[in-house]
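Undergrad: Chain residues, written in single-letter form:
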Amino acid sequence: GQNIDQPTEMTATEGAIVQINCTYQTSGFNGLFWYQQHAGEAPTFLSYNVLDGLEEKGRFSSFLSRSKGYSYLLLKELQMKDSASYLCAVTDNDYKLSFGAGTTVTVRA
Amino acid sequence: IAGITQAPTSQILAAGRRMTLRCTQDMRHNAMYWYRQDLGLGLRLIHYSNTAGTTGKGEVPDGYSVSRANTDDFPLTLASAVPSQTSVYFCASSVAHSGANVLTFGAGSRLTVL
Numbered sequence: 015g016q017n018i019d020q021p022t023e024m025t026a027t028e029g030a031i032v033q034i035n036c037t038y039q040t041s042g043f044n045g046l047f048w049y050q051q052h053a054g055e056a057p058t059f060l061s062y063n064v065l066d067g068l069e070e071k072g073r074f075s076s077f078l079s080r081s082k083g084y085s086y087l088l089l090k091e092l093q094m095k096d097s098a099s100y101l102c103a104v105t106d107n108d109y110k111l112s113f114g115a116g117t118t119v120t121v122r123a
Numbered sequence: 055i056a057g058i059t060q061a062p063t064s065q066i067l068a069a070g071r072r073m074t075l076r077c078t079q080d081m082r083h084n085a086m087y088w089y090r091q092d093l094g095l096g097l098r099l100i101h102y103s104n105t106a107g108t109t110g111k112g113e114v115p116d117g118y119s120v121s122r123a124n125t126d127d128f129p130l131t132l133a134s135a136v137p138s139q140t141s142v143y144f145c146a147s148s149v150a151h152s153g154a155n156v157l158t159f160g161a162g163s164r165l166t167v168l
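So the sequences go chain by chain: A and B. Quick note: the first sequence uses this note's numbering, first residue 15, plus one each step. Quick note: the second sequence uses this note's numbering, first residue 55, plus one each step.
By construction, these hints were calculated from the structure, which means they are not laboratory data. Just so it is clear, CB atoms sit at the ideal spot from N, CA and C, and this is done for glycine as well. Any given hint could be a false lead.
One-sided and incomplete, this derived list gives chain A residues near chain B with beta-carbon spacing under 7 Å [stated by the list, open to error]:
| no. | residue |
| --- | --- |
| 1 | 53 |
| 2 | 57 |
| 3 | 105 |
| 4 | 109 |
Just chain A, with the same shape it has in the complex (with noise of 0.2 Å):
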């Protein structure tokens, strides 16, 4: 089975930096993967790891460490609009992705 951990909320000033964590145990690893969903609304894609190190795409920022099972989201330079849940998700060797419960992020002015 899938086994993925990740924090259930945390909340932020607008203007600051959260990481949010994302620890894996799963069965083969074919890379991970962040997505945002705003309250009521679909998923969508925001990275994907499949190598060691960090990728950079703006104010967001992914890590991954596959020998640590290991994996962060940096949201920098936070904004309102960036209240959302952050899912967690990896693909294993039968290339099924199978989701984390998901982060809730709160931004407070």
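Guided by the hints, dock chain B onto chain A, whose structure is given.
TA: Same frame as chain A, now just chain B:
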């Protein structure tokens, strides 16, 4: 506008009734997926299809069936709905069923079984 269309948006259903959730994509994606999303549990894969004519079971397939007669359509059927199937259902698609498969999601179908 290219994307995924799900119907209905919302439905209240009596237990024991049959229900089909519709999903259509116009991106010519080969792979399609059905997930359910429940509070505290995240998205869980119900069924998937690598390509037209093939389907596979996900993490929580019991009580659900799918078909993939063509590339565009991937309906999900609940043969006899039960209250535990109350959930938000998301259809998704990707270019291919592979490690780097970025999923595009539909807007979701909220189903309540009483």
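Undergrad: Which hints, by number, does the structure contradict?
TA: Hint 1 contradicted; others consistent.
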